Structure formats: C-alpha cells, structure tokens
Amino acid sequence: MTFEIVSFVVLAVATVATAIGVIAFKNAIHSALSLILTLLFLALFYLQLQAMFIAVVQILIYAGAIMVLFLFVVTMLASDQDELALRNQIPWQRMVGGLLGLILVAALSYLLFTGAQVTGTTASHAESLKQAITTYQGDTQAFGMALFHGFLFPFEVTSLLIVVAILGALVFGRRTN
Amino acid sequence: MFFLSAVITFPLLGGLALLFFPRERVTALRWTALTLALVELVLVIVLILTYLQHTISIFSSSYLSESWSWLPSLGINYSLSVDGISLVLVALTALLTTVCIAASFRIERKIKNYMAFMLLLESGMLGVFLASNLFLFYIFWEVMLIPAYFLLGTWGGERRIYAALKFVIYTSVGSFLMLVGIIALGYYHQLAAGVNCGYTLELSQLLNTASSCRGVLGSDIQTWLLLAFAAAFAVKVPLIPFHSWLPDAYSEAPAPVTALLAGAMSKTGIYGFLRLCIPLFPQAVQTLAPLFNTLAVVGILYCAVLALTQTDLKRLLGYSSISHLGVIMLGLFSFNAQGMGGAVLQMVNHGITTAALFLLAGFLEYRTNTRRLSDYGGLAARIPWLAVAMGIAALSSLGLPGLNGFTGEFLSLLGVFRSNVTLGVLGTLVVVPAAWYMLRFFIGIMWGSPRQDGVVTASIRKGSLRDISWKEFWVVAPLLLFIFYIGIQPAFIAGVINPSLINTMQVLGNAFAR
Amino acid sequence: MPLTAYLIVSAVIFTIGVIGVLIRRNPLIIFMSIELMLNAVNLSFVALSHFLDSVDGQMFVFLVLTVAAAEVVVGLALIVSIFRTRHNIDVDEMNVLRG
Amino acid sequence: MTNLSLWVLVLPLLGFIILGLMGRFMPRTAILTIGWGACGLAFLLAAVNFINMLSTSAAQRSNDSVIYHWISAGTFSLDFGALLDPLSMTMLLVVTGVGLLIHIYSAGYMADDPGLWRFFAYLNFFIFAMVLLVIADTFLFLLVGWGLVGLASYLLIGFWYQRRSAVAAAQKAFVINIIGDLGLMLAIFLIFAQSGHLDYGSVLAHTFSGGTATAICLLLFVACAAKSAQLPLYMWLPDAMEGPTPVSALIHAATMVTAGVYLVARTSPLFEQSSVALAVVAGIGGVTALYAASIALVQLDIKRVLAYSTISQLGYMFMAEGVHNYAGGIFHLVTHAFFKALLFLGAGAIIHALGGEQDMRKMGGLWGRLRITGVTFLIGALAISGIIPLAGFWSKDEILGSVLAQATASGNVWYYVLWIIGIVTAGLTAFYMFRLFFGIFAGSYRGETATAAEHNAEVNEAKDENTLVTAAGHQHTVHIRYSAIHEVPRVMSTPLIILAVLSVVGGFIGSLALFGLPGWSPLTSFLPSGLHAHAADLPLGLAWISTGLSLLAGVLGIGLAWRFYGKGFGYKTQMQGNPLYQLVFHKYYVDEALNAVLVTPILALGRGLTRYLEGDVLDGGSRGISMVFHGSSAVIRRVQTGYMRNYALGILFGVVVIVVYYAMRG
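Protein chains in written order, with the working numbering: chain U, 1 to 177; chain C, 1 to 514; chain V, 1 to 99; chain G, 1 to 666.
Derived by calculation from the structure, the hints in this document are not laboratory data.
All values reported here derive from a predicted model rather than from experimental measurement.
Just so it is clear, CB atoms sit at the ideal spot from N, CA and C, and this is done for glycine as well.
Any given hint might turn out to be false.
[As the list claims (entries may be wrong)] Listed below are several chain G residues computed to face chain U (Cβ distance under 7 Å; list not exhaustive):
#, residue
1, Trp367
2, Arg645
3, Leu649
4, Leu652
5, Val656
6, Val659
7, Val660
8, Ala663
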C-alpha cells in the first residue's frame with residue numbers, strides 16, 4: 001500500500017516536473033527530450049493501472065515514433081532563434097494565460113474533490129475488464145478481442161485517417177517548383 | 001401523385017441539365033432553355049385542365065395535392081396543393097418565364113448560367129405558389145432569392161452590385177422575420193390546440209380546416225405574428241416604405257429579369273398576404289387593416305407622383321408598378337368578394353402588363369443603349385409597330401376600360417369603395433396621375449418632334465433603330481393577347497378564382513362580405 | 001490510490017499543456033503542449049478504465065494515439081512547409097487573418 | 001334586332017382592325033372602301049333598326065339583349081348587353097349618320113396625308129367606341145365606351161404626332177377626360193354600393209336617399225363636364241383643335257362631346273331625384289354658355305371660335321336638362337350636330353383651300369372664290385344664330401322656353417337669370433358667328449398682304465400654336481394667292497350640302513306648338529316620356545315673349561357684326577391695350593393659372609420627393625444603416641487580432657467559465 005502511494009507520488013511529481021520542463025525550456029530540443037520523459041512516466045502510470053498493452057504502445061508509438069519525428073523536425077529546422085529575443089507582440093497573453101490556467105486547475109481539482117465520484121459500474125454492454133483479462137490470459141488478448149469485435153469500424157476508420165494523413169504530409173512536404 | 005412536384009421540379013432539373021451543356025453551344029443552350037420553359041408551360045396547362053375538371057375545393061382533392069412526411073416531429077411535411085388562386089398565378093409564372101426566356105436570347109454573357117438561374121427562379125416561384133406547408137413555403141421563398149440575386153448582380157447594368165446587395169439585404173431581413181414568425185406560429189398553435197396535438201406547420205391544420213386540433217390564437221399573438229409575416233411580404237410586394245430596393249433593382253436588371261421580377265415575383269408577396277396572413281390571423285388582419293390600407297394608399301399616390309417626374313424609363317415603370325400594386329393591396333384588405341377577387345385578377349393583369357412594358361422598354365434600350373426619357377422623342381414614325389405594342393401596354397397599365405388593367409382595378413376599387421368610401425376615393429384618384437405618367441412615358445418616346453442629336457439620333461443614323469422584329473413580336477404577342485382577352489372576357493379567370501377565394505376566406509366569417 | 005488522484009494529475013498536466021499553448025511562440029513547442037494535453041486525457045481514460053473495470057477507456061486511448069500520430073504527421077509537415085516559405089516559425093508572425 | 005344592333009357595333013370595329021393591321025399596305029381605294037363601308041353599313045343597319053322601331057308600339061321600343069356574361073364576383077355580376085331604345089337610337093343615328101358624312105368628307109380633306117389609313121382606322125374606332133357608349137345597357141360598359149371614345153379622341157387629336165402642340169393637346173385632352181372617367185367610376189361605385197346593381201333597368205328604378213342621389217348625380221356630372229367640356233373642365237376642347245378638322249367636326253362638335261348630354265338624359269331618373277344636382281347642371285350649363293361665348297368673341301383662329309362656340313352650345317343643352325327638359329337637350333344635340341358639323345367642315349374646306357391657314361386675319365373676300373362653302377357656311381351660321389326657320393332656332397327656342405317655364409313655375413329668381421343668360425348668349429353667338437363669317441367671306445383677301453408687323457404680332461400671340469412643319473406636311477402654312485384659291489372637290493362639298501339641308505329642315509322634328517300645330521312633335525313623342533314629362537309648361541304668351549326676344553337677340557348680334565365687320569375683318573391693334581380684351585383674349589388665363597396652381601407644384605413635388613425622400617431619406621437611410629454596421633464592424637474586428645494564441649486564450653476563457661460555473665453550482 002505504502003509502496004503504491006510512494007510510487008504514485010514519485011511518478012506524479014516526476015511527470016508534472018517534466019511536463020513543466022516541456023513548456024519551460026527555451027531550446028526546443030530540451031523540450032522534446034523532456035516530453036519524452038513525460039511520456040515514459042505516463043507509461044509507468046499505465047503499468048500501475050494494469051494497462052500493459054497501452055503502456056507498451058505508449059512507449060513504442062509516442063516515445064518511439066512520434067517523438068523521433070519531433071526531434072527530427074526540431075533538428076532539421078535548427079531553430080536557433082531565441083524566442084525571448086523577439087519582441088513579444090501580446091505581452092499580456094502570458095499573464096492572462098497563466099492566471100486562467102491556475103483558475104482552471106483549481107476549479108477542476110475542486111470539482112474532482114467534491115463532485116466526481118465513480119458511481120457507475122461497468123458499462124452495460126462491455127465485459128468486465130478484469131474478467132476478460134483472466135479469461136483471455138492477458139491484457140493484450142482482451143484488448144484485441146474488444147478491438148476487433150466492438151470497435152472494428154472505428155478501427156478501420158482510423159486506418160483510413162492515417163492513410164489520408166500520410167498523403168497530406170506528402171503533399172505538404174513536396175517541394176514546389 | 002407526383003404531378004405538382006413534377007411541375008415544380010421540372011424547371012429546376014432542366015436548369016441543372018443545362019449546366020452540362022458545352023459553353024460554346026450558345027444557340028443550342030438558348031433553344032433548349034426555351035423548350036424547357038415551353039414544356040413547363042404545357043405541364044401547367046395540363047394542370048389547369050386537370051383542375052378545371054375537378055370539383056373546386058381546397059386541400060382535399062387527391063390529384064391536386066400531395067403530401068410526404070419529411071420531419072414529422074417538427075411538423076414539417078413536403079406538401080403541395082393547388083386551388084384557383086394559386087392556379088392562375090402558377091399559369092402566370094409559367095407564361096412569363098417562357099416569355100422572358102424567349103426575350104433573353106440577346107444575352108451574350110454566361111448564357112448557360114443565366115438560363116439555369118431563370119429556370120431555378122421559376123421553380124422557386126412555383127413552389128411558393130403551391131406549397132401548403134409553411135416550412136416548405138419558406139424554403140421556396142428563399143430559393144427565389146438566390147437566382148434573383150445572381151441574375152441581378154451578374155447581368156445587370158452599371159450599378160448592379162449595389163442594386164443586388166440592396167435587394168438581397170432588404171429581402172432577407174424580411175424573410176428572416178418571417179422564419180421567426182413561422183416557428184413561433186407553430187409553437188403558439190400547439191399551445192392553443194392543446195398538448196395532445198403535435199407541433200405542426202401544415203397550413204391545413206393551422207387553418208383548423210382539416211384537423212381535430214383546433215387552436216385559436218390570441219389577438220396579441222396574432223398581431224405580432226402577422227407583423228413578422230408581413231415584413232417579408234411587404235418587402236417583396238413592395239409596400240412603402242420598404243420599396244427602396246425596387247427602383248434600383250428594376251432599373252439595373254436586364255429587361256427580361258425585370259419583367260420576371262415585376263411580373264411574377266412581386267406577386268409572391270401579395271400571395272403571401274392572401275394565402276397566409278389573412279386566413280391565419282383573421283382578427284389581427286382586421287385590426288391592422290387600417291395600417292396596410294394607409295401604406296397602400298400612400299404608396300399608390302406617392303409612387304404615382306414619383307413616376308411623373310422620373311427621367312429613367314425603367315424607374316418610371318418601376319414606380320408605376322408599385323403604385324398599381326397598391327391598388328391590389330387595397331383590394332385585398334377590403335375583405336369582400338369584389339375587392340379580393342379583383343385583387344387576384346389584377347395580380348394576373350399587373351403581371352402581364354408590367355412584364356410587357358418592361359420587355360418593350362428593354363427592346364428599346366437594346367436598340368439605343370439609353371434609358372433616359374429625354375433622349376427619346378418622335379420615334380413612332382421610325383418604329384410604328386413597337387409604338388403600337390407599347391401603346392397597348394401603356395393603355396392597359398393606365399387602366400383604359402376594355403383592356404385587362406381596367407377589369408382588375410375596377411373590381412378591386414369597387415370592393416374597396418364598398419368597404420371604405422374614403423379609401424375607395426383615394427385609391428381611385430390614382431387613375432389621373434397614372435394616365436398622366438403613362439402618357440408622358442409613351443409620348444416622350446414615341447410622339448413629339450425627334451431629337452436633333454443624342455444617343456437615339458445616333459442610333460437612327462447608324463441604322464440600328466429598327467422596328468420590332470418577328471422574334472420580338474412573338475415574345476410579346478401572347479402578353480398583348482392576354483391584355484385584350486382579359487379585358488374583354490374576364491369571366492373565365494374570375495370564375496376560376498372566385499370559388500377558391502370564397503373557400504379560403506371562410507375563416508374571416510362575417511367580416512368577409514359577398 | 002483513489003481515482004481522484006489520477007484525475008488530478010491528469011488535470012494538472014492538461015493545464016500545463018494549455019498554458020504551453022498560450023505562452024509559447026514556437027509552433028513545435030505548441031505542438032508538444034498539445035501532445036501533453038492529449039496524454040493528460042489519455043491518463044484519465046486509462047484511470048477510469050481501470051476503476052470502472054471496462055476496456056472501453058483503453059480503446060479510446062488507442063484511438064487517440066493513432067489520431068495523434070496522424071495529427072503530428074500533418075502538423076509537422078505544415079510547419080516544415082511554413083518554415084520553407086517564411087524562414088521563421090514564430091506563430092505571432094502568422095497573423096494574416098487579422099481583422 | 002339583337003343581331004342587327006350587334007353588327008352596328010362590330011362593323012366599325014372590324015373596319016378598325018382591318019385598317020389598323022393592314023391599312024399601311026392598302027391602296028387608297030381599299031382604305032376608303034373599308035372605312036366608308038364600315039361606317040356606312042353601320043348607318044344603314046341603324047336606319048333599318050330605326051324603321052323597325054317606328055313600326056312597333058311605344059311600349060315595346062326599348063329592347064335590352066344580353067350578348068355575353070362579362071364577370072361575376074360575389075354578389076356582383078355583370079353581362080355585356082345592348083340596349084336599343086329611342087334615346088340610344090337617336091344617338092346612334094346621329095353618330096353613324098354624321099359620322100358617315102364626315103368619313104366621306106375626310107377622303108378629300110386628308111387625301112394628301114400619308115397616314116390616311118391610320119386616320120380612317122381611328123375614325124372607325126371612334127364610331128365603334130361611340131356606338132358602344134350609346135348602346136351599353138350597364139354603367140360599366142358605358143364607362144368602357146366613355147374611356148374608349150376618350151382614347152379615340154386622344155389618338156385623333158394627336159394624329160400629327162410629331163407636332164409638339166398636337167401632342168400637348170392630346171395629352172391634356174386625355175388627362176382631363178380621365179378626370180371625367182374618375183367621376184364616372186366613383187359614381188358607379190356609389191351606385192353599386194347603394195343599389196347592388198349596375199344595369200340601367202335596376203339602377204334607374206332604384207330610389208336612392210337624397211344625399212346619395214345628389215352625390216351620384218354630381219359625380220356623373222363631373223364625367224359629363226369633362227367629356228362635354230363644361231366649366232371647369234373645358235380647357236382641353238379648344239386645344240383639341242390641333243387635330244385634323246374632320247375630327248373636330250365629328251368628335252369635338254357633333255358626337256363625342258355630346259356624350260355628357262346623353263348621359264344626363266340617360267340617367268334622368270337619377271337626376272330627377274336630386275334637385276340640387278339638376279340646379280348645378282343648369283347653372284354650370286348657363287355659365288359655361290356665356291363664358292365660352294365671351295371667349296369666342298375675340299378668337300382669331302377660326303377653329304377656335306367654333307370650339308368655344310361648341311362649348312357654349314353644349315352649355316345650352318345642359319341648361320335644358322337642368323330644367324327637366326331632357327328631350328329639349330337631345331333636340332339641341334341633334335340640330336347642333338348638323339349645323340356645327342357643317343360649320344366645322346366648312347371651316348375645314350376653307351383651311352384646305354387656303355393651304356392650312358387658320359388665322360382669320362389672313363382671310364377675307366372668299367365669297368367670290370368659295371361659293372358652295374360660303375353658302376353652306378352661311379346656312380350654318382344662321383342656324384346656330386337661331387334665325388327662323390333654321391334648325392337652331394327651334395331647338396334653342398325650346399330650351400329658352402323651358403328655362404323660362406321653370407322660372408315661372410318655381411318662382412326662383414335664379415332661373416330668370418339663367419334665362420337672361422340664355423338670351424344674351426344667343427345674341428353673342430350670333431355676333432361671333434357673323435364676325436367669323438364676315439371675317440372669312442366679306443371684304444378683300446388679306447392673305448397676300450400680311451405685313452411684317454402683323455406677322456410678328458401673330459408669332460408672339462400664337463407662339464404655342466402650330467408653326468412646326470409636320471412629317472405629314474399638311475399643316476404648314478403657305479400663303480396662297482387669291483386667284484389660286486379653288487373650291488373644294490365634290491367629295492368634300494357633298495357632305496357640306498347634305499348637312500346644310502339638314503340644318504335647314506332639322507328643326508322640324510321638334511315641336512311646332514307655337515305655330516298652331518300642337519300635335520306635331522316627332523322627336524319628343526319618339527323619345528321616352530320620362531325625358532320631357534317633368535318639364536314645366538309655358539303659357540303661350542310667355543312662349544312668344546321668349547321666342548321673340550331670342551330671335552331679336554340673334555338679329556341684333558348679326559346686325560352688330562355687320563356694323564363692325566360687314567366690310568371685312570379688321571384686326572384692331574389698339575384693342576391690345578385694353579385689359580378686359582386681354583383677359584378674354586387669353587381665355588381668362590385659366591390655362592396659366594392651372595399650370596401654376598396644379599401642374600407645376602405636382603411636378604415639383606415629384607422631383608423633390610425623388611431627390612430628398614427617395615434619395616436622401618430612404619436610399620440614404622438604408623445606406624446609413626449599412627454604415628452603422630460597417631462602423632461597428634470596424635470596431636469589433638479588432639477582436640480578430642490574427643494571433644492564434646489569442647484565439648486559444650479565448651477558448652480557454654470559455655472553458656474556464658464553464659468549469660467554474662459547474663464548480664460554483666456544486
């Protein structure tokens with residue numbers, strides 16, 4: 001129990017700290033590295049929540065593929081422009097944004113503490129997750145069964161979306177003469 | 001039965017088909033468009049024959065109405081029906097569209113789009129005349145606006161953009177108010193009829209003629225709803241002071257478009273008053289009748305005086321058109337068989353006469369490239385047959401006894417006089433300035449001594465000022481024919497109108513005087 | 001740990017992402033902030049999936065992942081092509097839509 | 001009978017349609033055949049009808065037949081029908097008979113005009129419209145005919161449509177006639193609103209309440225005053241002389257302008273219900289008679305003299321009708337049709353012979369050259385002056401007699417005044433007619449010796465008159481040498497002779513009671529009894545006084561004219577300084593006053609409204625509203641900073657608001 005609390009607190013602090021790092025570093029490469037860390041910590045959270053498959057996918061796709069892409073672009077653009085050196089045309093944005101952000105997090109926390117309770121049980125049509133994990137001997141298989149039975153159509157639509165995105169990236173990336 | 005739908009959608013589909021034509025085949029485009037309009041005219045004639053064989057009653061005959069569920073929970077159905085009043089207006093629209101398309105052969109630019117828009121406009125107007133669901137009515141009402149906007153803004157004169165924008169803004173402000181009115185009407189009707197009755201926009205149910213759900217609206221609600229509806233119709237007619245778009249639009253649009261707008265589209269406004277405002281809000285209409293009557297009378301005399309001094313041919317005709325429409329409005333709000341029957345008859349007459357005048361003015365403008373009255377003079381010797389045609393149309397417009405304009409105006413004013421002597425006298429007074437400005441129009445062009453210089457004289461020297469051609473003659477010939485026919489023998493059309501009119505006006509109860 | 005704790009972490013990360021979008025002018029970092037927001041939501045999905053004992057939450061996370069991948073692909077391509085034409089990637093410079 | 005009367009209507013219409021559509025391409029003979037044929041056949045049919053009618057008993061003479069159903073709306077239902085009764089038959093004979101003579105005459109008068117076909121088409125159209133007016137059996141078709149004769153008049157006045165003065169005259173005539181139509185329309189509305197009918201039979205049998213009857217009759221009289229050129233709506237008739245002279249003879253003397261007289265006679269049962277309206281009719285008639293005669297005294301254009309004379313004579317007719325003697329009005333209508341047509345045609349012959357000259361100052365001494373015209377003109381002048389035993393004497397005598405009878409019967413002093421006006425006007429009539437006659441025929445020819453000074457004076461006085469050269473080439477004035485003046489061709493002189501004969505004998509259809517033949521009154525006994533039954537009887541002694549005085553006034557007028565103009569017409573330039581003369585010469589400045597009071601302000605109002613209310617207020621207002629939106633959008637658009645981050649901030653703000661709302665709600 002205590003281990004769980006300790007690990008949660010450590011993870012939470014680390015995640016939040018690296019997340020702040022993402023938006024605080026001047027250098028985009030540092031931000032990207034910090035983001036990778038955040039994503040890894042999140043994957044640990046998923047593990048803690050017994051979502052093995054998602055945790056792996058998170059690392060493979062996010063930390064692996066997407067962030068590589070990010071780093072690639074960041075290094076390609078090699079933006080040595082210092083953001084702070086440029087004149088900030090809307091200086092009040094920073095303060096107002098920060099203030100609103102604080103209000104948001106405060107209000108959300110208040111809501112979560114006072115109002116949010118898990119009242120429902122399992123959604124009626126879905127099987128119990130834990131039962132499925134035992135039935136299918138593992139989280140991945142349970143996930144696969146659900147994906148290819150209940151969520152086949154969204155899954156296919158997603159694949160279509162990715163194809164379109166690839167084509168779009170190709171079009172944008174093409175050098176126009 | 002799909003017959004009414006076919007009547008409405010045929011021009012629309014035809015117009016869409018036109019768009020697939022190659023752009024260069026100009027002649028083929030023109031003739032196809034004309035053929036489409038003619039086929040539509042034949043369809044309408046079939047409709048007339050069907051109607052005439054039928055016992056005359058509204059909203060019951062199976063051939064002459066159709067209804068399909070569309071969004072039943074919102075009371076929205078695709079339902080159409082025809083009775084004597086809409087029948088004559090449908091016939092008028094089909095006739096005028098045919099004539100105006102035939103008169104548009106001179107249009108050179110983007111002929112494909114032009115013809116398609118003309119046909120779309122026809123569909124819109126036919127839909128307005130045939131719809132018997134308020135939502136459908138509104139849709140067709142807006143459908144009219146789109147082609148009218150493009151026709152005006154694309155093929156108009158120098159100030160076409162200004163005119164088109166003004167037209168659209170005036171019209172759409174009015175029609176949005178009507179939309180609000182339509183939604184509110186359904187709500188209040190449901191409220192009045194009771195919870196078991198659904199929300200409905202079906203005209204027959206709102207009129208309490210065909211339904212067990214009877215809801216009578218309170219007089220306050222009626223008044224506000226009437227004002228919302230009237231906003232749309234008053235702009236379209238137009239009643240003063242909502243007429244400011246008209247002189248610009250009518251003078252800038254190409255002549256066939258003006259003819260169609262003035263001849264057929266202005267009738268949709270009056271039709272709205274007649275078909276929706278009066279039966280739906282019988283008490284409010286009677287309360288507010290003095291308002292509409294005043295606007296109409298002021299409009300009649302005001303626009304007549306304005307027409308006296310216009311220097312632009314088409315503006316003069318535009319103001320004269322508003323002035324004459326005022327007489328129709330007066331007739332409508334007299335609430336008796338003569339006034340209202342005369343008003344409907346005069347809608348047809350006004351459509352024919354105004355269209356003829358605008359078309360003839362267009363022929364003239366095409367020859368001389370000017371609309372200024374002061375450029376003309378003494379042309380009767382050069383273009384005698386055009387002068388004759390224009391003379392006939394002008395005489396019909398000023399209400400010469402024996403021609404169609406007289407028949408309708410006489411009957412309307414007779415009705416007005418019966419219901420209110422003062423209004424009758426004031427309305428009748430208009431014949432004097434009407435004669436004055438129409439003669440000024442005719443004499444200014446055709447009589448008097450020819451100008452020594454100027455645009456017109458130049459076109460005479462060039463030889464471009466020719467008399468009416470056979471093609472042009474066949475364009476206006478049907479209109480002139482009807483000018484005589486309705487003047488001499490109006491009984492037929494009046495016979496078609498009157499039974500339906502009396503049926504429709506039953507809701508007015510004792511206020512409707514035979 | 002109670003659900004609320006996870007959700008609060010999720011809310012905090014989300015807010016950090018929001019603030020990042022608002023205060024940074026480098027589009028790459030704005031993009032990363034958006035990723036932060038997506039991941040914050042993912043966290044709450046997974047947490048809820050766990051506590052509600054349903055696989056549906058994880059399914060959403062999976063879909064969000066794929067959508068995020070597609071979004072990043074297109075977004076980065078956009079950024080690259082903007083950089084090619086303007087040689088400047090300050091979002092405040094991209095204000096041609098000013099009224 | 002129905003068929004026949006219908007053909008009287010249809011034949012001229014057919015003539016009009018054929019000539020109108022194809023006349024342009026027809027040879028002269030074909031045009032004449034159709035034009036004459038249509039009118040001639042109509043006259044023949046009318047005559048046959050008339051003989052038929054004479055053979056039936058008096059009670060059966062009224063024949064109303066429905067031709068077709070015109071319209072119905074609610075309780076309003078109307079058929080187009082033809083009513084043939086003695087009154088319409090009398091009118092029919094006059095219209096088609098005089099019309100035929102003038103058709104024949106026109107062939108000569110208009111021979112050189114390229115628009116001959118058009119002229120005959122219009123003439124046939126006029127005959128059609130007039131027949132329609134006369135045989136209509138409802139007020140509505142009366143109105144139709146009423147409007148159509150107005151149109152015919154308009155077309156014929158403006159026949160030479162490139163002459164500015166002709167166009168202006170035509171427009172004026174039409175608009176003033178429309179005022180009359182307005183009166184008639186309102187009268188019809190009132191009749192229908194009160195009685196629910198529009199056919200003569202029902203309406204004339206209906207009893208209206210006193211005020212309504214007066215209103216209806218006064219409105220009807222507005223129509224009559226406009227059509228028959230009575231005060232205050234007479235202004236168009238003198239200007240209408242711009243039309244070709246046969247038109248003036250047919251429309252503006254013999255037939256159309258008498259439509260008002262016909263209408264009053266036709267609706268006499270209504271007028272009998274309102275003594276006020278009748279008094280107005282009589283009063284206006286009398287005043288107009290005197291007023292127009294006074295203007296006629298000083299006119300120089302021979303057609304204008306005749307035009308004012310026509311107005312004056314129409315005044316007589318209304319005077320008769322105003323004292324219940326409708327038959328007397330119709331009687332004068334008939335005789336006037338004869339002698340005034342004769343006078344106009346004579347004037348036309350003179351104008352024709354002089355190559356378009358209408359100014360009396362350039363005539364004189366024509367007796368020697370134009371013998372037939374001179375003799376017939378003299379007969380006409382004598383007839384209108386009321387010299388026994390010519391037609392005018394009888395009818396004028398009957399009118400004056402019945403005015404005096406009314407005066408004695410009612411004891412109202414105003415009827416004595418009216419009677420005196422009648423006598424005085426008779427004298428004035430004789431004076432100006434013989435001033436005209438001597439001016440044309442006596443003395444020596446002045447056409448060749450017009451001095452430059454006179455010419456200038458003429459140009460100044462007649463600057464709005466016809467000096468423009470027409471396309472038709474007819475009216476431009478050529479000074480013709482005396483020896484070159486020739487008598488008009490036979491086609492023109494024959495109608496003159498026939499009309500002269502009619503002017504001599506036409507009076508004998510009236511009553512000869514004065515001369516010991518109490519049973520002899522063919523016209524009165526032919527006409528319905530209602531048209532004379534209400535008139536007061538005059539004792540024989542008083543009748544002799546009236547007759548004698550009117551005869552004396554006529555002789556006196558002729559004598560004075562002989563005294564002043566017997567040796568020829570002399571234009572007295574010193575008269576120009578006389579303000580009274582100027583006042584009368586300029587027709588009491590009525591046209592100018594009307595222009596200043598009515599026409600100019602209305603046009604100014606129209607221009608002002610176009611510019612300010614339409615332009616600045618309405619157009620400007622709608623533009624102003626668009627400016628408001630334009631301006632406010634200029635402010636609001638600053639919100640669109642273009643910074644994407646700003647928009648994101650906006651979104652966040654919205655999210656925070658929503659979340660805080662839920663947090664606050666708990």
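Here is what the structure says about each hint:
no.: 1; hint: Trp367; result: violated, 107 Å
no.: 2; hint: Arg645; result: holds, 6 Å
no.: 3; hint: Leu649; result: holds, 6 Å
no.: 4; hint: Leu652; result: holds, 5 Å
no.: 5; hint: Val656; result: holds, 5 Å
no.: 6; hint: Val659; result: holds, 5 Å
no.: 7; hint: Val660; result: holds, 5 Å
no.: 8; hint: Ala663; result: holds, 4 Å
Hint 1 from the earlier list is the only one contradicted by this structure; the remaining hints agree with it.
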